[in-house]
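Asker: For reference, the chains in residue letters:
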Amino acid sequence: MNTPNSNRLSRRAVFQWFAATAAALSAGEAALFGAESPLLQSAKPPASTGYGTDPELLRAYKPGELWPLTFNPVQKACVVALCDVLLPADHLGPSASSLGVPEFVDEWVSAPYPVQQEDRPLILEGLAWMVSEAASRFQREVPALEAAQLEALCESVCQPERVRAGFKNAARFFHKMRGLAMGAYFSTPAGWAAIGYVGNTPLAKFDGPPAEVLGKLGVEQTVE
Amino acid sequence: MALITSSKSQSAYDVIIVGSGAGGAQMAYTLCLGGLKCVMLEAGRNYQPALETPMFQRPDQAPLRGLPTPDKNFGFFDSTIDGGWQVPGEPYTQASEKKEEQFHWWRPRMLGGRTNHWGRISLRNGPYDFKPRSRDGLGLDWPISYVDVDPYYTKVEMLIGVYGTNSGLENTPDSPAGVLLPPPKGRAAELLSQKFGKKLGVPFLSIHRAILTRPLDAETIPARLHPNNPWAQRIVADSMRARAACFWATDCGRGCSTGANYQSTTVHIPPALATGNLDIIPNAHAREVLVNAEGKATGVLYIDKTTGQEQRVSARVVVLAASSGETVRILLNSRGGRGLANSSGLVGKYIMDTVGTNVSGQIPLLENCPPYNEDGAGGSHFYAPWWLYQNQAAGKMDFARGYHIEMGGSRKMPNGSNPVPDDLIQGLYGTKLKEAARRYYGSLVSYSCRGEMIPNKSSFCELDPTLKDKWGIPVLRWHWKWSEQELNQVAHARKTFSELIESMGGTVSKNASDKPLEFIEPGGKVIHEVGGAIMGESAKDSVCNSWNRTWDVKNLFISDGAPFASNSDKNPTLTIMALSWRAADHILEEARRGNL
Chain A
1 MNTPNSNRLS RRAVFQWFAA TAAALSAGEA ALFGAESPLL QSAKPPASTG YGTDPELLRA
61 YKPGELWPLT FNPVQKACVV ALCDVLLPAD HLGPSASSLG VPEFVDEWVS APYPVQQEDR
121 PLILEGLAWM VSEAASRFQR EVPALEAAQL EALCESVCQP ERVRAGFKNA ARFFHKMRGL
181 AMGAYFSTPA GWAAIGYVGN TPLAKFDGPP AEVLGKLGVE QTVE
Chain L
225 MALITSSKSQ SAYDVIIVGS GAGGAQMAYT LCLGGLKCVM LEAGRNYQPA LETPMFQRPD
285 QAPLRGLPTP DKNFGFFDST IDGGWQVPGE PYTQASEKKE EQFHWWRPRM LGGRTNHWGR
345 ISLRNGPYDF KPRSRDGLGL DWPISYVDVD PYYTKVEMLI GVYGTNSGLE NTPDSPAGVL
405 LPPPKGRAAE LLSQKFGKKL GVPFLSIHRA ILTRPLDAET IPARLHPNNP WAQRIVADSM
465 RARAACFWAT DCGRGCSTGA NYQSTTVHIP PALATGNLDI IPNAHAREVL VNAEGKATGV
525 LYIDKTTGQE QRVSARVVVL AASSGETVRI LLNSRGGRGL ANSSGLVGKY IMDTVGTNVS
585 GQIPLLENCP PYNEDGAGGS HFYAPWWLYQ NQAAGKMDFA RGYHIEMGGS RKMPNGSNPV
645 PDDLIQGLYG TKLKEAARRY YGSLVSYSCR GEMIPNKSSF CELDPTLKDK WGIPVLRWHW
705 KWSEQELNQV AHARKTFSEL IESMGGTVSK NASDKPLEFI EPGGKVIHEV GGAIMGESAK
765 DSVCNSWNRT WDVKNLFISD GAPFASNSDK NPTLTIMALS WRAADHILEE ARRGNL
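Heads up: the protein sequence lines correspond to chains A and L, in order.
Note that the numbering used here numbers the first sequence so that position 125 is 125, with each residue one more than the last.
Note that the numbering used here numbers the second sequence so that position 128 is 352, with each residue one more than the last.
What the hints contain is simulated information worked out from the structure, not anything from laboratory work.
All C-beta atoms, glycine included, are put in the ideal place defined by N, C-alpha and C.
Treat the hints loosely; a few may be bogus.
Unchecked claim - Pairs of lysine-lysine, DSS-like flavour, derived with a Cα cap of 27 Å: (1) A:Lys-176 <-> L:Lys-636; (2) L:Lys-636 <-> A:Lys-62; (3) L:Lys-422 <-> A:Lys-216; (4) L:Lys-656 <-> A:Lys-168; (5) L:Lys-636 <-> A:Lys-205; (6) A:Lys-216 <-> L:Lys-636; (7) L:Lys-419 <-> A:Lys-205; (8) A:Lys-176 <-> L:Lys-656; (9) L:Lys-529 <-> L:Lys-261; (10) L:Lys-423 <-> A:Lys-216; (11) A:Lys-176 <-> L:Lys-734; (12) L:Lys-734 <-> A:Lys-168; (13) L:Lys-419 <-> A:Lys-216; (14) L:Lys-656 <-> A:Lys-216; (15) L:Lys-749 <-> L:Lys-705; (16) L:Lys-323 <-> L:Lys-749; (17) L:Lys-734 <-> L:Lys-419.
To be verified - Distance ranges between label pairs, derived from CB positions: (18) A:Glu-220 <-> L:Gly-569: 54 to 64 Å; (19) A:Glu-151 <-> L:Pro-645: 17 to 27 Å; (20) L:Asp-646 <-> A:Ser-136: 22 to 32 Å; (21) L:Asp-646 <-> A:Arg-164: 11 to 21 Å; (22) A:Asp-90 <-> L:Asp-462: 53 to 63 Å; (23) A:Pro-189 <-> L:Thr-229: 37 to 47 Å; (24) L:Glu-708 <-> A:Ser-136: 55 to 65 Å.
Let the sequences and hints guide you as you build the complete structure.
Answerer: Now the structure itself:
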């Protein structure tokens, strides 16, 4: 498992880590979700409108272009760490953070639409939970966690039926993040290669499944 | 004549056509090639597929990976603009607070309407579908039969280009030899469904969709469509040559910049404009049909949305093709809200949608396939027509009408949402998660019921007594009710789809509810609403006659889904076009005789 790639934090970020950790620890685990935590000062997204009912469809967009983003360096570092433990660089492709997945999550929690605004508190509170867990379990900031420690965090929330009582919301956060990260990851060209999608390219003719696939399925092509 | 603004309109036209979708554009095509001067009013903006369609744009280039939002309900790249389930400033209301008694109304505001994004599924009604009451005593018969529409189905198929195969199955009409374009090859999940469907008696085979699997034959088709009219033949041939064959990539819901699939903006409207006989006024929201003291239609009052001003346009004939709901609204709002063509009291009555429900599952046989391109024709290649007519005729079933099965299941482009359901990846993260995604991708199938709803007295729309839209026009209020017929139908579909998935060794995905009233798609959600100005045998029991002409106003025609007296399981678009062409031929004939 790779360690997160943005583990060099600015002085300002380091200060924010101290503040975040102190706040998380004083809030206590149970109070992190749904609490009026100082970590959630930006729980309400800045007022902005969406892209409207007739947006320009032919150009490429980047997160932050249409509405302001949310994450401070602490939150960003947590998202990078989590996305890269969920979808690391390996034989199937690059890491989530190299495919813009954390920026997508930021775009998501900042979006002025109902679905995204509903996810926003869960994700921001979940990031605070990561800060708190890293500090209380490992006495570390999230970017400094070793791979095994990040995996230990995941292990405590990844099995919904085995999650202990105090971690129910953290488990919801984990599953929300995993779904978002997978969606974002596999909708990139590198993600297509990782999952096995081939297409979005013009063809002179459509051949259907190759013989190897037809054989594996025990079917024949029935259309000439 | 061309795309114009209100100030450039002529003082009078032969025909005003309200709406630019399947019905309105087919009407414009036939009338303009027949020599009549027409003006088309479109409530939305002009839309140019060749310049605006996002063909190869990827989800990671779109906001929120292209996922649906309240601004773009079917995702960022869906072609629908300025509309969806809600149109800002143009609300509609529900008579009931109960979810199952509500209707959802999809309204694009753009040239071409829904034809820009529709599924392109182009099925003919069969002989039973025009005479359902005669067959089982329920619902309503049409005043026309399959033989009346058959030649128009053929003409529309030749004009727009439909791929498919002739099956010879009951009430699933064949097209004449050489009319259908070659169907695309089956995908893995489709071939597997075909194999296992056969064992259950469910006939999966090539679907009919309006997509060019090869270029249209511009040398011979125009002469068959427009015999003895070389001028029309030349225009239509040019238009056909401007359309490319499908290049087996990109989702048809985005529209098509090369004209490889049918949308009115690439197929009907260009040749209609090329005649020089058509003016199109975009941003023109029709409010009411104007009538004179003798009760004849004289024109249409509309809002010019660019100025907010009321405008009038005059003609000898008015054709409403604004979509069934909007057409009803225009009729009810006419004569200062006293209504028009409504001596029967049936305007707005007998609204029907398609009966829908969906079951998905995961098939281990489809796991771990080697990567290959399965994009295909930007939508489904196979479906299963209804196969139990004989059982129904023998009284063996607890619902009277059929459904066809549409299916999903392919190695299609991941669309920004999580491509693997949570229950398949429990506890996983890291490389194991990525390996699981690769394993399961392409192994998911889904089957959708698309069934016939029988018209009932509790499903209708009327003017809301108080609410007006931002233009000051009274809005529609919807009433909705499913009968046991539809609920039994979706229960049967769910059982069938589950058996099919299990017969393939698959696992059926968990469903939120076991109650048909909860797992049936809500009214309007399949976006096949028809009825509201049904055609029939007499002025007492219908709004239109067998030529889509209103009984009460002799020069007022309706050429969208509103005249449908039933809504068979077959998707309505092809029938809307066939009936519109037929009505247009009637208008041309009446004009020649001086009857208009």
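Asker: Please go over all the hints and tell whether each is borne out by the structure.
Answerer: Results of checking the hints against the structure:
1. A:Lys-176 <-> L:Lys-636: holds, 23 Å
2. L:Lys-636 <-> A:Lys-62: Within the cut-off at roughly 24 Å; holds.
3. L:Lys-422 <-> A:Lys-216: holds, 19 Å
4. L:Lys-656 <-> A:Lys-168: Holds, because 23 Å separates the two Cα atoms, which is no more than 27 Å.
5. L:Lys-636 <-> A:Lys-205: holds, 17 Å
6. A:Lys-216 <-> L:Lys-636: holds, 20 Å
7. L:Lys-419 <-> A:Lys-205: holds, 24 Å
8. A:Lys-176 <-> L:Lys-656: It holds: about 18 Å lies between the C-alpha atoms, which stays within 27 Å.
9. L:Lys-529 <-> L:Lys-261: holds, 24 Å
10. L:Lys-423 <-> A:Lys-216: With Cα atoms ~19 Å apart, Lys-423 (chain L) and Lys-216 (chain A) stay inside 27 Å; holds.
11. A:Lys-176 <-> L:Lys-734: Judged against 27 Å, a Cα distance of about 19 Å means the pair holds.
12. L:Lys-734 <-> A:Lys-168: The given pair, whose Cα atoms are some 22 Å apart, holds under the 27 Å limit.
13. L:Lys-419 <-> A:Lys-216: Within the cut-off at roughly 14 Å; holds.
14. L:Lys-656 <-> A:Lys-216: holds, 24 Å
15. L:Lys-749 <-> L:Lys-705: holds, 14 Å
16. L:Lys-323 <-> L:Lys-749: holds, 12 Å
17. L:Lys-734 <-> L:Lys-419: With Cα atoms ~24 Å apart, Lys-734 (chain L) and Lys-419 (chain L) stay inside 27 Å; holds.
18. A:Glu-220 <-> L:Gly-569: 54 to 64 Å: holds, 57 Å
19. A:Glu-151 <-> L:Pro-645: 17 to 27 Å: holds, 23 Å
20. L:Asp-646 <-> A:Ser-136: 22 to 32 Å: Since the Cβ atoms of Asp-646 (chain L) and Ser-136 (chain A) sit about 28 Å apart, the hinted range of 22 to 32 Å holds.
21. L:Asp-646 <-> A:Arg-164: 11 to 21 Å: Holds, since Asp-646 (chain L) and Arg-164 (chain A) (Cβ atoms, about 20 Å apart) stay within the stated range.
22. A:Asp-90 <-> L:Asp-462: 53 to 63 Å: Taking Cβ atoms as reference, Asp-90 (chain A) and Asp-462 (chain L) lie about 55 Å apart, which means the hint holds.
23. A:Pro-189 <-> L:Thr-229: 37 to 47 Å: Roughly 44 Å apart at Cβ, these two residues keep to the hinted range, so it holds.
24. L:Glu-708 <-> A:Ser-136: 55 to 65 Å: Given about 59 Å between the Cβ atoms, the range holds.
Of the numbered hints given earlier, the model fails none.
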